[in-house]
Structures are given as structure tokens and as C-alpha cells.
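*Asks:* In the numbering used here, the protein residues as written are 1 to 147.
It cannot be assumed that every hint is accurate.
Restraint ranges, calculated between C-beta atoms of paired labels, are given here [said to hold, decoys possible]:
no.: 1; residue 1: Gly115; residue 2: Asn64; range: 25 to 31 Å
no.: 2; residue 1: Thr104; residue 2: Glu14; range: 16 to 22 Å
no.: 3; residue 1: Lys46; residue 2: Thr104; range: 45 to 51 Å
no.: 4; residue 1: Lys128; residue 2: Leu50; range: 40 to 46 Å
no.: 5; residue 1: Leu59; residue 2: Glu101; range: 16 to 22 Å
no.: 6; residue 1: Pro122; residue 2: Ser89; range: 15 to 21 Å
No lab work stands behind these hints: they were computed from the structure. Every residue, glycine too, gets a C-beta built ideally from N, C-alpha and C.
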Amino acid sequence: MIDIDRSIDNLRKEMEKVFSNFPVSIPKINQTTCDVIDEGKQFRVKMDVLGIKKNEIKLDVTENSLQISGQHKEESEEKKKNYLRKERSQVSYHRTLPLSEKVTTSQVKAKLTDGILEIILPKSKPTKVQQKNLSLYNNLSFLYYLR
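With these hints in hand, go ahead and build the complete structure from the sequences.
*Replies:* This is the structure in C-alpha cells:
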């Protein structure tokens with residue numbers, strides 16, 4: 001058993017050496033917190049997008065879904081001739097939210113305050129279902145629903 005423990009410990013140490021040489025900032029996509037609130041006549045979406053500016057956020061809205069994406073890149077370097085490190089950081093967010101009811105895409109509003117993106121999605125007015133009685137062969141009839 002001692003040989004196995006020693007082998008596992010050596011493997012762990014070797015892996016730590018390998019991974020300690022990776023860059024400090026690796027680009028990643030963050031799965032950020034997001035709240036979707038049904039307020040009756042509208043949906044309100046609140047999402048944390050820390051580190052992203054207003055012009056770096058993209059919203060795609062359809063009648064029944066909202067897609068939020070954002071990306072921020074930053075680069076810093078020391079102004080020395082033989083620098084040992086040049087760092088870049090990147091933050092990306094991407095969420096697709098299905099909506100339980102249709103929304104009016106032309107009236108969607110969004111604002112960014114202190115790293116919190118807030119989106120208001122007014123619901124579309126429900127389409128009225130019309131009922132029409134149709135007569136068919138041999139005086140049979142049925143109800144036909146129109147949308």
C-alpha cells in the first residue's frame with residue numbers, strides 16, 4: 001500500500017508542476033447568476049455582468065427567448081525591454097433564456113448599473129381565439145377555432 005500512496009503523491013506533485021506554469025488568466029465563459037421575474041404584464045431579467053461595459057453587451061430577443069452575451073478583453077504589459085510576463089484577461093458571459101410567453105421585441109428596454117444588467121421585456125397581448133360554427137355534410141357540424 002505504501003508504494004501506491006507514494007506513486008499517487010509523486011503523480012500529484014508532477015501534475016502541480018505542470019499546471020503551475022499555465023498562464024494566470026485563461027479566457028473563460030462565466031455562467032453568471034440570472035433572475036427572471038414574471039411581473040404580470042412584463043418579464044424582468046437581472047444578470048450580474050461584472051467587468052463588462054455597456055458597449056460590450058449584445059442582446060438578441062425573439063418572441064419567446066432572450067440571448068445575452070458579453071465579452072471584455074484587457075491587456076497589460078510592463079514597459080521593460082526584457083519583460084518576463086505579459087498578461088491578458090478576458091471575461092465572457094453567454095446565456096440563452098427561454099420565455100414562457102411571447103414578448104413584444106420592439107419595446108424591450110435594458111440598462112446596466114454597477115455591474116448588474118436589467119432587462120424589461122413587455123409581454124405581447126394574447127391573441128384572441130375566435131370560435132366559428134361550420135356546417136358540414138348531412139347536417140353534421142363541428143367547432144373550428146381560429147387564432
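*Asks:* Under the constraints set out in the numbered hints, which ones does this structure not fulfil?
*Replies:* 2, 3 and 6
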